[in-house]
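Undergrad: On the provided structure of chain L, position chain P as indicated by the hints.
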Amino acid sequence: AQSVTQPDIHITVSEGASLELRCNYSYGATPYLFWYVQSPGQGLQLLLKYFSGDTLVQGIKGFEAEFKRSQSSFNLRKPSVHWSDAAEYFCAALSGGSYIPTFGRGTSLIVHP
Amino acid sequence: DAGVTQSPTHLIKTRGQQVTLRCSPKSGHDTVSWYQQALGQGPQFIFQYYEEEERQRGNFPDRFSGHQFPNYSSELNVNALLLGDSALYLCASSLGVGGGGNEQFFGPGTRLTVL
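Chains L and P are the protein sequences, given in the same order.
All residue numbers for the first sequence refer to my numbering, where the first residue is 1 and numbers rise by one.
All residue numbers for the second sequence refer to my numbering, where the first residue is 1001 and numbers rise by one.
Check before you lean on any hint, since a few could be wrong.
What follows is a set of in silico ranges between Cβ atoms, one per label pair, in the way DEER data are often shown [stated by the list, open to error]: (1) Gly62(L) / Asn1102(P): 18 to 28 angstroms; (2) Glu1052(P) / Glu15(L): 25 to 35 angstroms; (3) Gly97(L) / Ala1038(P): 19 to 29 angstroms.
Bear in mind the hints are in silico, worked out from the structure with no lab data behind them.
Fair warning: this is a prediction, and the values are worked out from it, not measured in the lab.
For each residue, glycine too, the CB sits at the ideal point set by N, CA and C.
Here chain L stands alone, though its shape is the one from the complex (with noise of 0.2 angstroms):
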């Protein structure tokens, strides 16, 4: 079955310090991938993708994500972290014939400063 694994469910920083959240998919092909951002009462806003191509993406805030085949991994990163940075952020999958994402559990950002 296709799914979508995020390992950490929290992770805490403090503010400035590099951040890595990690991201495994299991699919029969690569899938599209996804990494969103879900702030305290709002909806998921789109942080980057990945379709094909250059296995590193940028995407906004400051954020970029890695594509490795050979793990089945699609982690987060940024290199330095804001107290803003701090919600909840979801990694997605979608097969390229569907129209049915795969959300992770989500892992929960802490800040500290």
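TA: Below, chain P alone, put in the same frame as chain L:
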């Protein structure tokens, strides 16, 4: 430019009741998708509407139904509510059906509590 709007913001119902949630898509969008997000979980796809028809459906029972109006707005109806239906219901709009190529914009959601 108004984004995706949903109403109501919060709703409390009792088991067995019926509920209707509403969504207005982002200006220029013609496709609406609905998701259920249980506490501590990622969103789960319920169904997608395009041209006033249900185009795709996730693994949800027939108690979940929807409608899309000519102005592209949409309703989600849930009958015979169960305690397990308590969740945040998200609406997302996009231009055209299709997978990853059509970015979805999400509304803030409706928090449904079933007692």
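Undergrad: Hint says 25 to 35 angstroms; check whether the CB-CB distance for Glu1052(P) and Glu15(L) agrees.
TA: Roughly 48 angstroms apart at Cβ, these two residues miss the hinted range, so it is violated.
Undergrad: Could you say whether the range 18 to 28 angstroms given as a hint is met by the Cβ separation of Gly62(L) and Asn1102(P)?
TA: 25 angstroms, holds
Undergrad: Just tell me: holds or violated, for the beta carbon distance of Gly97(L) and Ala1038(P) against 19 to 29 angstroms?
TA: 27 angstroms, holds
The structure shown violates just one earlier hint, number 2.
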